[in-house]
Amino acid sequence: MNTDHQASIHNMNEDIIVIKNLNKWYGNFHVLRDINLTVKKGERIVICGPSGSGKSTTIRCINRLEEFQRGSLTVNGVEMIDDVKNIEAIRKEVGMVFQHFNLFPHLTILENLTLGPIWVQKKPKEEAKAIAMKYLERVKIPDQANKFPGQLSGGQQQRVAIARSLCMSPEIMLFDEPTSALDPEMIKEVLDVMVELADEGMTMLCVTHEMGFAKTVADRVIFMDGGEIVEQNTPDTFFDHPETDRLQLFLSQILQH
Amino acid sequence: MPIKEFKPLPAQPAPVSTTGPIAWLKNNLFSSPFNIVATLLILSGLFLILPGLIDWLFISANWTGTTQDACVDDGACWVFIRAWSQQIFYGSYPSGELWRVNLCLFLLAVVIYLSFILPINLRNKVAIPAFLALPFVCLLFLDGRYLGLEYVNTDYWGGFSLNILLAAASIIIAFPFGFLWALGRRSNLPFAQSVSVICIEFFRGTPVLALFFMGSVMLPLFFPEGVTVDKLLRVWIILILFMSAYMAEVFRSGFQAIPNGQYEAADSIGLGYWQKTFFIIFPQVIKVSMPNILATFIMVFKNTVFLLVIAVPEILQVILGALTNSKWLGGHATEGFLFVALVFWACCYSMSMLSTSIEKKLDTSHKH
Amino acid sequence: MFYQKTIEQIKTDTRPSSAGAKAFYNNPKYRGWIYQSLLLIFLIAFFYSIISNTLSNMAAQGIKSGFGFMTTSAGFDVLMSLIPFETTDSYTKVFIIGILNTILVSIIGVICSTMLGFIFGIAYFSRNWLIKKISIIYVETFRNIPVILQVLFWYTAVLTTLPSTRDSLSIGEAFFLNIRGLYIPRLIDEPKSFVVYIAIVIAIVAIFFLRRWARKRQDLTGEQFPLIWSSLGILLGLPLLALFIAGVPFHFEYPELKGFNFQGGINVIPELMALAIAMSIYTGAFIAEAVRAGIQSVPHGQTEAARSIGLKERKIMSLIIVPQAMRVITPMLNSEYQSLVKNTTIATAIGYPELFTVFAGSALNQVGQAIEMMFMSLAIYFALNMMISFIMNQFNKRVAITTR
Amino acid sequence: MKKLSSIIAGGLAIGLTISAQAGTLEDVKKRGTLSCGVSTGLAGFSQKDEKGVWSGLDVDVCRSVAAAVLGDASKVQYKPLTAKERFTALQSGEIDILSRNTTWTHTRDTSLGLNFAGVIYYDGTGFMVSKKLGVKSATELDGANACIQAGTSTELAIADYFRENKMNYKAVTFDTSDQTRTGFESGRCDFLVSDQSQLYALRIGLKDPSAAVVLPEVISKEPLGPVVRQNDDVWFNIVKWVVNASIEGEFQNVTSANAKDLRKNGNPGQKRLLGSEGDLGEKLGLSADWAYQAITQVGNYSESFERNVGQDSPLKISRGLNAQWNKGGILYSPAMR
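Chains as they are written, first to last, in this note's numbering: chain D, 29 to 285; chain W, 917 to 1284; chain Z, 5 to 408; chain L, 25 to 361.
Hints in this document: simulated from the structure, not taken from any laboratory.
Warning: the hint list may mix true and false statements.
EDC-like mimics (lysine to aspartate or glutamate), calculated; alpha carbons at most 16 Å apart, straight line [what the hints assert, rightly or not]: (1) W:K942 <-> D:D110; (2) D:K150 <-> Z:D223; (3) L:K284 <-> L:D313; (4) L:K194 <-> Z:E90; (5) L:K190 <-> Z:D223; (6) W:K923 <-> D:E271; (7) L:K245 <-> L:D256; (8) D:K120 <-> Z:E308; (9) W:K923 <-> D:D273; (10) Z:K319 <-> D:E116; (11) D:K69 <-> D:D247; (12) D:K150 <-> Z:E227; (13) D:K48 <-> D:E95; (14) L:K99 <-> W:E1066; (15) Z:K316 <-> D:E116; (16) L:K75 <-> W:D1071.
Here are a few chain L residues that face chain W, going by a calculated C-beta distance under 10 Å [to be verified]: (17) T57; (18) G68; (19) Q71; (20) E74; (21) G76; (22) W78; (23) Y102; (24) K103; (25) P104; (26) G117; (27) E118; (28) S201; (29) Q203; (30) V333; (31) L339.
Built from N, CA and C at the ideal position, the CB exists for glycine as well.
Isolated chain D (complex conformation):
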């Protein structure tokens, strides 16, 4: 198992996401301006920036929860075009974790997890259950399998959400502010799972304000403002030697707290 991941880390020169001149408008409002971003396989990227800067929109474009008007986006060699089959193919490659977990409240934890494997991957129920239990163990809550989401704490719910994405064995994981709706002690349990995942060599794009996580885990940190990528750098350079006054200001503000 470990060797697999080692291999993927070594294979980091393969581009898994290529975004070129991505532009998006909400009506006449220009939300994403000429985004250019290339992500290599196994790379871990943290995106930060003030609210409204287009971070979430960017990663939501990657699995087509948002449409874009100009530019191109390629995921694992498949170019995103306006076609249902195409979009389905890309969504199978990409898992996503949301700020508010978005677990299905009418299904048990186990059912939440097996939904994708059964209906999308068309796996037998027992196999799907086995996969689900495997990932529930990985996020350390196998004992909650038969409960409903409403009976779990926020941190547990978010871990279930991560497990739900992993059940689809995606190539890429997107995290959209996964910890910002959580209490401090729960943040840690979620971040731990994410760190573990990173260690296993998963390609990750993570919108977060957890700078500690960025410093220790990220291969690259991206700063966005006003719908464009202002700076991207290794964590060390990013935090210690910001290149622009905008990032400097941002860092000074968030590090004050």
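Following the hints, position chains W, Z and L against chain D.
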């Protein structure tokens, strides 16, 4: 390393293909094969129906004149509505005394307006008594006997103003009754509870037409010989009971929406049961129930049309009566029904808009 | 001791202030009993006076009482009945005809209004601007106009658009549509026709087992089975097969124009059509609103999450949105169905012979025993409403269990 | 709060009437108005115009009674009633007189605690058919659809008639007479059954009145007249004789125009009727000019008939049975002596 100054990229206009009328058409009408077919079907349907309808309604309609002879064109005979307009809105209420009906409608509007703008502490002291007194003040004005005005028997009241005033007067009086029944249903007193449940379920389970019919044919049997109760009063009683049942259910869900902490807080400052109920719970129940109260009102307001089956001269009854007048035997039923429908639609639609806006204001929960 | 017993009551009923708690009338328990006794006395007095007044009034006015009229001959004709009826038949039969006709129009109304409601409720979320607007206009127009006007409107519309008997619209010589309604052939059984009925039963059982098999198969292999299409195939195919094996053991009674009217076949009268249309459209508007509210109550994040694990749009609807929306929709459906049944009473405006028109209307006018006849009719409406309530509550339980 | 409750008490008192058991005449005099139950709208018989003024043959009975009792034909309180509630309203005392095209039948007269005070219109159930059908007689209507107003005695009359003639029919019932017309016009039914008086009104309402014919058959007797409560003979007599006075007025050639003159210069019969001779009014408990007031203010039977349903109205119903006995009809007032 020198610090660079961040210069934001200038915002560009959205590509023409994604904004502007053509993009709008493409996105909203022709986005998929299914939508293209649907759009074309709907549009052709509209083209088929609308021109004839507009022609009948407006272009070749008859607008001026006072008698049926004025209706010479093929279109709608709006002369019918015009000639009967006073009957339609006021019934046979004497022309010289119409100010009394208008006054009542005005007072109703004022009280409703007051209850929206007054601060909450004044609302309880002023608006609630004003509301409760309103039906009786209107009764005194419309009747006139006790105020030294010309006596107008209830048989002369009618038209759309009757629909409005009757519905309003019923819901106002149904408030305390409905509240009592709701309390009864929640209470732990077994007998009071079962009486409330029976009342509520009986009046909710009975078709309103049957209730009106009972009010007209069966209620007179219930009174001692020689005592007659005015028909309108009987109808009013029936409407109050009917509405109370619905209001009780509205209040019941209102009670459930109030956090337990409120009861505990009221208890903690040592209020008695009735004090607690009226000063703490009641205002809050009203507030959260407002959209449902309006919905109930709309329902009953629409139901006042059913009064025609017992010959109460409400708006549709006036129209039906007008249709049998030997000078208007031309069959203007369509115009009449259309007009009544329009009047009701305008009132009910604006009320449901009001209800939606209140609901939005109340809804402070976050949805994600 | 005492306080422990009544602590429940104190909590919800009265909480005595510390001062004055000694007086017995301030004791919540006694107070409750006092209230209840007053209520009881009031009710006894109320009903006693009503009953005695009614009895003396009825005596003075020569109104009979009792149910003797139920066996006497009605003496008038009823426009439509699901069972054979003669003018000499008794009022009991009129009563039953009324009930059946009420149930008929209610069932049609419930089915059609549910369909309309769901179609327009879902249409609200269409990406097509026109469809969305039409959904809004439909809801806002039809729920804000008194239903009696709508019934009158549809009746006029039906009557004015349909051709006269002689110029009927027809398909072959079997189906006719004219102002007297829709005429369709009636199926007449022959001795061997039971084969076909058995085939239908077998088909239904087969579908039931197919469903179970398909579910098991999916559990085991993950493969999905085209259940809807294969069920439809079985449901149509098996009886058809039986039909030909048994040598088409049916013949049709075709409607035929004889004298003034078509004779034979099944006649769907325009009153029924107009009432069913009006009921469906009116109630459908409320159901559409309920469906819209139900779907809107499901947060958008649910859709996004479902998309992100790659579910197809149709599966998102059936696995994620609908189950969650149903718990909001079901209680509303319950009350809409109940008001639909109650609203059928306005058939009296167009003369569709349901219970209220034919029994509490025509029959009551001839007999004049308002109290008995009204309460009999009301009992039926209560029974129907309770039935709806029961069924919907069962359904609601199923929805609620899977939601939590 | 006290003010509020006094308002409430006052408000409730408005709707409650406790009639003294003394008698209808005293009640009416004390009240100053006559409470009269009429139809909600029946062309020519009781109808309201745009100004809310009631008119019609039924209405004129009430106006005549009000003129005779109170001296003013306008002192009438009209209570529109449905067919279902009409008897209850009279029995409970809500109205003093029911004048609502009500057929005088044995059952109603004997078992409902009511008295019929006379006949103001001899009616009968008749048929209207479309000319296109080419039907000449009701006996050709086997298997046809009938438009009927629900809850009327017509519903029974037609069932009897068809059974008697061994014919079938299908009853399409409507709530109001206007709807029966719509049903007939649209072709929902082949013929329309109603009281003949209504057939004419309904025919006028058709888009093309000449396309329909009224068949000669009259299948039932429907004498229409005012109704009062039983056990109040004073009031019963008043209504009965006011109706008769109107008929006698026509017979004696007393009209609203010449009554004033005839009161002084007429023959003894006219003078007795108009109260300048004899004590007819006194015997009824009314003033001497009771019939004079009724005839000057409302007119005699002929005037009322022609104005409301006859040649001066859109309905143009001919007198037929409702002509005086000496002119081919059966209208006959008992002697005014």
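Which of the stated hints cannot be reconciled with the structure, identified by number in ascending sequence? Going through the list in order, the structure violates hints 5 and 7 and respects the others.
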